[in-house]
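Q: In case you want the letters, here they are:
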Amino acid sequence: MLLLTCPCCGVAGEETEFHPGGEAHIRRAGPESTDDGFSAYMFQRRNIRGVHFERWRHAYGCGKWFHTARCTQTLEIFGSYSAQTTEPPAEIIAAIRARRPEWEMPA
Amino acid sequence: MRRYSAFAIAREALRQHSGWETAWRSPEPKAAYDVIVVGAGGHGLATAYYLAKNHGITNVAVLEKAWLGGGNTGRNTTIIRSNYLQPASAAIYEKSRSLYETLSQDLNYNVMFSPRGVMMLAQTESEKRALQRTAHANRLAQIHTEFVDAARVKEIVPIINIEGPRYPVLGGLWQPRGGTARHDAVAWGYARAASSLGVDIIQTCEVTGIDRDARGVTGVRTSKGPIACKKLCLVVAGSSGVLAEQAGFRLPVESVALQALVSEPVKPLIDCVVMANTVHGYLSQSDKGELVIGGGADGFNNYTQRGSFQHIEETVRALIETFPVISRLKMLRQWGGIVDMTGDRSPIIGKTPVPGIFINCGWGTGGFKAIPGSGWATAEMLARGEPGDMAGPFSLDRFTEGRMIDESVAAAVAH
Chain A
15 MLLLTCPCCG VAGEETEFHP GGEAHIRRAG PESTDDGFSA YMFQRRNIRG
65 VHFERWRHAY GCGKWFHTAR CTQTLEIFGS YSAQTTEPPA EIIAAIRARR
115 PEWEMPA
Chain B
104 MRRYSAFAIA REALRQHSGW ETAWRSPEPK AAYDVIVVGA GGHGLATAYY
154 LAKNHGITNV AVLEKAWLGG GNTGRNTTII RSNYLQPASA AIYEKSRSLY
204 ETLSQDLNYN VMFSPRGVMM LAQTESEKRA LQRTAHANRL AQIHTEFVDA
254 ARVKEIVPII NIEGPRYPVL GGLWQPRGGT ARHDAVAWGY ARAASSLGVD
304 IIQTCEVTGI DRDARGVTGV RTSKGPIACK KLCLVVAGSS GVLAEQAGFR
354 LPVESVALQA LVSEPVKPLI DCVVMANTVH GYLSQSDKGE LVIGGGADGF
404 NNYTQRGSFQ HIEETVRALI ETFPVISRLK MLRQWGGIVD MTGDRSPIIG
454 KTPVPGIFIN CGWGTGGFKA IPGSGWATAE MLARGEPGDM AGPFSLDRFT
504 EGRMIDESVA AAVAH
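Residue numbers (the working numbering), protein chains in the order written: chain A, 15 to 121; chain B, 104 to 518.
In isolation and in its complexed conformation, chain A is listed as follows (with noise of 0.2 Å):
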């Protein structure tokens, strides 16, 4: 059972007061994009076996959506941060570089 905290309410609770959104950070394909370009965007997905950003929302709770560090492999929660950013803030990469020294943030 995931153990999160809701960054927009400070609430924390079990897996199942929230709802799972799948990976965090995904570019827009814009209305210039190719086909590719676009389905990329639409399909494809990192599917990483680690560390993974990933977006939830407290679907029992404030109803805010939030993005969340977990590892994929070990389940590890390294941290909530706001949706209302493009990549994870300082102190997300600084937890989970204080528990995994050898991470790399990937490209």
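A portion of the hints provided could be inaccurate.
[As the list claims (entries may be wrong)] Reference listing, derived: stretches of chain A covered by chain B, where coverage requires no fewer than 3 residues with Cβ under 8 Å from a Cβ of chain B:
(1) 27 to 34
(2) 57 to 69
(3) 98 to 109
If you're looking for bench data, these hints aren't it; they were derived computationally from the structure.
Even glycine gets a Cβ: it sits at the ideal position worked out from N, Cα and C.
Put chain B on the given structure of chain A with help from the hints.
A: Frame of chain A, contents of chain B only:
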């Protein structure tokens, strides 16, 4: 390979079973192969077997990072059915189901195929209409299914509670020639038959990198050293994303946990497979008497082969409502597997952006039933270098072209 037969049992009985051979060879890898298949699950082994049997390509290695059939092939609930809505799916799953009918004879290995019938329940009006539509589509595809009313469901499955209260049974899609098979035996049977045709099955050999030059794939790096190949086929289900990254491309696939559980063994009480998609639960009884129970997949990416607790509760709660008679059974074991889900809930069989690398993945929660057909179609693709009629619609570029094979709506949930 010494054949298994009644005569062989009698012969061995007379010499205290000293003459049984190992079922398959475990050779050291050669320096190079024509084809390397990564992943010795059902799909990988079936691919290797049909490459050798149908196409005469025997310079083939199947590489497996752990032990043979230890992934999803050994973790599923063994349901075999072909009642799919879309023509492309119906074709490959029905091919698969029909191969299962004679698989024990083909492989000379008892896979215990048991065409006991699969009942897919309709528990809402919309589900009833969807399953009626599927029955019509199946009839067009010459797949024997029928939509039956609630009274007939009760006749086929006497322990079912058709009255609800939350989700009364309104009818069901009945496929009399669907059923189950022994999942390990399917992997072992394909391994033994492929090995006897000259395929090298190499276990505990993890692929750690994929070598390529400007023209395409040249080989793989493994925990047992580098191995060269002309063609490479990735058949690794939940780990597809990891290998695709090594090869330098991305897939429209996400890996999530799906779990199953079995009850304590009891006397025979249900002689078919029942799937209740609205309430997320499916049930059959194994030959040992255990009730084999499956439920919904988790929603988040996961590589731990272990599912969330609440799904067990959800599944069991739904099944107790549908089958009140099982309410006091104890559950014995629970386990999870990592399934690779695509956007349209249909598999991918096709070429990849790297020349010489082919892929077979995305079977999601329903790969076991497809093993023979998938191996057949993948072997054809590897032999010809191009997908055949059966694999064609499942190519990777359907996501770019918008040619979805939408089974997520058709199958509601469980697949």
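Q: Against the structure, test the hints numbered earlier, and report the numbers of the ones violated in rising order.
A: Of the numbered hints given earlier, the structure breaks just one, which is hint 3.
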